[in-house]
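With the hints as a guide, dock the two chains, each given alone in a separate frame, to form the complex.
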Amino acid sequence: MSTAMAINFGYFVKESVVSFRRNWVMSLGAIITIYLSLLLVGVSLGSGMLLGQVIESFEDKVSVRLFLKDGAPAEQVDAMQAELLANEMVDTVVYTTKEQALEDFKKRLMQDSPEVIEQLASNPLPASLDIDLKDPRNVSTVVDQIKASENFIAVADRPDDPSKSLEYGQEVVEKLFTVTAIIRLVSIVFVAMLAVISLIFINNAIRIAIYARRKEIAIMRLVGASNWFIRTPFLLEGVLESLVGALLAIGTLSILYLYVLPKLSELMAFLPLTMSSGDAIQVSLVLMFAGIFMGAGGAMFAMRRYLRV
Amino acid sequence: MISMRNVSKIYVPNKPPALDECTVEIAQGEFVFLVGHSGSGKSTFIRLLLRELLPTKGQIVVAGQDLTKMKNWKVPFLRRNIGCVFQDFKLLPNKTTYENIAFALEVIGRSKHVIRTQVPEVLRLVGLEEKMESYPDELSGGEQQRVSIARAFVNRPPLLLADEPTGNLDPATSLGIMSLLNRINKTGTTVLVATHDREMVDSMRKRVIALEGGKVIRDQDRGVYGYGD
Chain A
1 MSTAMAINFG YFVKESVVSF RRNWVMSLGA IITIYLSLLL VGVSLGSGML LGQVIESFED
61 KVSVRLFLKD GAPAEQVDAM QAELLANEMV DTVVYTTKEQ ALEDFKKRLM QDSPEVIEQL
121 ASNPLPASLD IDLKDPRNVS TVVDQIKASE NFIAVADRPD DPSKSLEYGQ EVVEKLFTVT
181 AIIRLVSIVF VAMLAVISLI FINNAIRIAI YARRKEIAIM RLVGASNWFI RTPFLLEGVL
241 ESLVGALLAI GTLSILYLYV LPKLSELMAF LPLTMSSGDA IQVSLVLMFA GIFMGAGGAM
301 FAMRRYLRV
Chain X
310 MISMRNVSKI YVPNKPPALD ECTVEIAQGE FVFLVGHSGS GKSTFIRLLL RELLPTKGQI
370 VVAGQDLTKM KNWKVPFLRR NIGCVFQDFK LLPNKTTYEN IAFALEVIGR SKHVIRTQVP
430 EVLRLVGLEE KMESYPDELS GGEQQRVSIA RAFVNRPPLL LADEPTGNLD PATSLGIMSL
490 LNRINKTGTT VLVATHDREM VDSMRKRVIA LEGGKVIRDQ DRGVYGYGD
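Respectively, the protein sequence lines represent chains A and X.
At position 90 of the first sequence (counting the first as 1) the number is 90 in the numbering used here, and the numbers step up by one without a gap.
If you want the numbering used here, it's the position in the second sequence, counting the first as 1, plus 309.
To be clear, the hints were calculated from the coordinates, so they are not data collected in a lab.
Heads up, some of the hints might be wrong.
No more than 27 Å apart at the CA atoms, straight line, and that leaves these computed lysine-lysine pairs for DSSO-like [stated by the list, open to error]:
| no. | chain 1 | residue 1 | chain 2 | residue 2 |
| --- | --- | --- | --- | --- |
| 1 | X | K399 | X | K440 |
| 2 | X | K399 | A | K14 |
| 3 | A | K98 | A | K147 |
| 4 | A | K98 | A | K69 |
| 5 | X | K366 | X | K383 |
| 6 | A | K107 | A | K164 |
| 7 | A | K14 | X | K440 |
| 8 | X | K378 | X | K324 |
| 9 | A | K164 | A | K98 |
| 10 | A | K147 | A | K69 |
| 11 | X | K404 | A | K215 |
| 12 | A | K14 | X | K421 |
| 13 | X | K380 | A | K215 |
| 14 | X | K404 | X | K440 |
| 15 | A | K164 | A | K134 |
| 16 | X | K524 | X | K378 |
| 17 | A | K215 | X | K421 |
| 18 | X | K399 | X | K324 |
| 19 | X | K366 | X | K324 |
| 20 | A | K147 | A | K164 |
| 21 | A | K134 | A | K147 |
| 22 | A | K215 | X | K495 |
| 23 | A | K106 | A | K69 |
| 24 | X | K380 | X | K366 |
| 25 | A | K215 | X | K440 |
| 26 | A | K164 | A | K106 |
| 27 | X | K383 | A | K215 |
| 28 | A | K14 | X | K404 |
This is chain X alone, in the form it adopts within the complex (with noise of 0.2 Å):
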């Protein structure tokens, strides 16, 4: 699913790189988390795959597509292939739960019976339903998440990034945030987090990539956030 071959991203000339000659391989349907600092290179790592940027050096596959060389006109479509959900929830205010997440639809071209169909089920595999016609100031910060990752996977993409999901949230709730990833990723879809929630990585026992100062330090199957700090 992601392929990254010694990949560097260096922003700013002789300084220190934000990712540094990291190799990853990450197959179909696996849930990874990405850990590390702030500052150790996990959004970098996002953003490269997102295609917002690109690496300074090294090759970068996702979902069969090398985005060193893809065309810009066709950023879109690998997007259409990567749900994305962020710490800040990212939701228009002046729409109501439903018209957010039919929003992501509206925008590829799908049509209103896909719309109608798709978005339901989706707000049923978040636990939303009844919140369908609420806007988003009328949710918890919990069901925000939520509505952002039905966002995310109604389109039923391949993949599903996810940038500190929890980053704003209680223990509870992120608890509830993780199972619902996790629910995600048994359907088949790849799920990799960043995030610094220790607690969440060593409860879940997946595979765990650490970074530090943009450096592949770890990468271990059913692993734990890490020793020490």
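Next comes chain A alone, as it looks inside the complex (with noise of 0.2 Å):
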């Protein structure tokens, strides 16, 4: 059984390899749309990710950060604390002195020049509650609830309208999301879309494939060749034409994340541009399988309809 199954498997190679070079044209253009599609995909989802790490630092900023009035009473920050941390929502609350705040100005914006700080005859910068949401997608409730807080009000800097003594990033966030889903629906309908026309690309070439060998098949199924024996040339030559796009799209993604991935990291490096190797071969699996199943997809779809055994 071994050896005839070994027999099979040369044949069946051979014959798929004989079949994709006599219509190379068709297999071509089922090779080239499976690429395209399958480029699309590795794109989408590699700057998914890329997005997610984005969207990730930049929820990593979105504290709140509740200013106090210099000469703040004591017990009342602390309350105001306590409060804060009595919130389901909130993850931690640091207090920053005035003096801390100074610190990190310097260390942020002043690196080349602290003579500017020194110049500073009382230091500008008020106290803070800083406080990191559990989920950032809560910020706008949290922020309601602090701003009715009468903790918050006779602790705030600026007592006179204390809703400005509140500072949080709600809107970047909220960008980002609309943003992502908009990529991500746009790039589900294209990559759709592609998926569609590309089975109908292998669907063509598996069909002239059959009728090509027409002859062959008739003769197989007189003398008593098994269904699947007729149909595993077929189906391997799909898979081997999708196969070969998507190794295209692999080569052309790997080129992209060595060569211009890093270029646009520098370009960008406010941003964390980065996908680790374990990532990219992932992307890679995805597709090479995504591959082999519109193929194997395309070629099915074609026997059903072209080849009855």
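Put into structure tokens, the structure is as follows:
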């Protein structure tokens, strides 16, 4: 049995390669459409991963900062802090003193000219409570709760307009979420369309392969070749075509990953545009399996319609 | 070998049936002619035996298997037991004589060893050892039909069906083909030949089943083609 299987396998590979050569125009068409659709799948998967990282890095920065007025009574600040910690949506609360705030400011923006700060007669920066949330999407709820709190009005840096004493990145997060949702939707639609087109191309290539071999098929049926024996070369041809398309897509993406991505992240150093090689391999595997799936699917579809056994 | 009971085949409802209540028994090792005009139901008869068609009514048993109850996936295995020869040879033009015959074994998964021993053997039987490397278009009609008989017989099926095997051949060549089929019959293979070659049938003196309008009108041992036309 095993030798028979080995002979069969050689036969199938030979048959599908011969058939591939015989109608290379259709095969090439199928390969190119598979290549393009998988390339797009890869690009949207990869950029999705990158975007996810960017959003995460923004989310980390979305903490609510509550500025305290100079000389706010310590017990009231403590009360405010305790109230915040009691809130279920709040993760941590850190008290930053005026000196600490100045120090951070110097580190962040005035590294090149610390003497500018030295010129200041007094420290203009307020102390603050820095609040981290468990889920950044709850930011507006928490902010509303703080605004309604009596403790807040007592300690706020600007009692005349307490809401100005709160700083948070609500809009940034919301915009990012909208943008990613749109990008995701658009790429899903594109990928779906390309997948359908690829299936049609594979279907056509296999249909022509079946037509080109109709005499052989008739004789195979006559002498009693089993159905799977007649079908396997076509299935293999479809898989072969889409595998070539997948490998081309993976090749192109590797070039993007190895040469373009580092340049891009150099240009936009403020964004965390890096991808681990593990993630890259994962994307490649997804593409490979998607390719095999499409090839086999297209071939199966064609056989159901054009190869009655 | 073949048992047909009250078999009818209707292609188009409310039109005369292609086969009408046919009952035929053919024992193992027999040589049988199936004769009749064009449209008398000969081809339908053959196609029913190959289970290319299912009968509208009746029961067909071939090599011990009831074709009307057979599952689709089993059909290829039925066909491995039936050799088949046609008027138009059905050879692959891009394969040599040897390759054409080997193909029939290849596609049912026979090993290279089996192919290498069986193909030359069957070529000797049909007298074409010398033409092993020739392509079909380099062979005469009679030679091509021999290749097609060799392909049908290489797997040693117990039943050989021939649909107008001499339809494209001159009388002298036809005689050669018939004697080859006769030789194959002598090895124990049941042979059924559908034909309207009157001289051939009359000279062979084998069992004759005559069809007309889808009905069996005559079934005669050591018979002749018929009377009148």
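Quick rundown of the hints versus the structure:
Between X/K399 and X/K440 the CA atoms are separated by roughly 18 Å; this keeps the pair inside 27 Å, and the hint holds. Between X/K399 and A/K14, the direct Cα distance comes to roughly 23 Å. Compliance with the 27 Å bound is thereby established for this hinted pair. Distance restraint check for A/K98 and A/K147: the Cα-Cα separation of roughly 22 Å lies within the 27 Å cut-off, and the hinted pair is therefore satisfied. Taking the CA atoms of A/K98 and A/K69, the gap is near 10 Å; set against the 27 Å cutoff, the hint holds.
Taking the CA atoms of X/K366 and X/K383, the gap is about 21 Å. The hint holds against a cut of 27 Å. Between the alpha carbons of A/K107 and A/K164 the distance comes to roughly 25 Å, so the proposed pair stays at or under 27 Å and holds. Restraint check: the Cα-Cα separation between A/K14 and X/K440 comes to about 26 Å, which is no more than 27 Å; the hinted pair holds. For the hint pairing X/K378 with X/K324, the CA-to-CA distance comes to about 26 Å; that is within 27 Å, so the pair holds.
Of the pairs offered as hints, the one joining A/K164 and A/K98 holds, with about 18 Å between alpha carbons and a cut-off of 27 Å not exceeded. With a C-alpha separation of about 15 Å, the suggested pairing of A/K147 with A/K69 holds against the 27 Å cut-off. Using a Cα cut-off of 27 Å, the hinted pair X/K404 and A/K215 holds, with the two alpha carbons roughly 12 Å apart. A threshold of 27 Å between alpha carbons decides the hint, and for A/K14 with X/K421 the separation of about 15 Å falls inside it, so the pair holds.
Proximity of X/K380 to A/K215 is assessed by CA-CA distance (about 25 Å); at most 27 Å being required, the pair is judged to hold. Distance restraint check for X/K404 and X/K440: the Cα-Cα separation of roughly 12 Å lies within the 27 Å cut-off, and the hinted pair is therefore satisfied. Proximity of A/K164 to A/K134 is assessed by CA-CA distance (about 23 Å); at most 27 Å being required, the pair is judged to hold. Between the alpha carbons of X/K524 and X/K378 the distance comes to roughly 24 Å, so the proposed pair stays at or under 27 Å and holds.
Proximity of A/K215 to X/K421 is assessed by CA-CA distance (about 23 Å); at most 27 Å being required, the pair is judged to hold. Of the pairs offered as hints, the one joining X/K399 and X/K324 is violated, with about 31 Å between alpha carbons and a cut-off of 27 Å exceeded. Proximity of X/K366 to X/K324 is assessed by CA-CA distance (about 15 Å); at most 27 Å being required, the pair is judged to hold. As the CA atoms of A/K147 and A/K164 are separated by approximately 10 Å, the hinted pair is consistent with the 27 Å bound.
For the suggested pair A/K134 and A/K147, the alpha carbons sit about 19 Å apart, so the restraint of at most 27 Å is met. For the suggested pair A/K215 and X/K495, the alpha carbons sit about 31 Å apart, so the restraint of at most 27 Å is broken. For a cut-off of 27 Å, the pair hint linking A/K106 to A/K69 stands: about 21 Å separates their Cα positions. Proximity of X/K380 to X/K366 is assessed by CA-CA distance (about 17 Å); at most 27 Å being required, the pair is judged to hold.
A distance of roughly 22 Å separates the Cα atoms of A/K215 and X/K440; the hinted pair therefore holds under the 27 Å criterion. Only pairs whose Cα atoms come within 27 Å are accepted, and A/K164 paired with A/K106 is accepted, the gap being roughly 23 Å. For a cut-off of 27 Å, the pair hint linking X/K383 to A/K215 stands: about 22 Å separates their Cα positions. Taking the CA atoms of A/K14 and X/K404, the gap is about 15 Å. The hint holds against a cut of 27 Å.
The structure shown violates the earlier hints numbered 18, 22.
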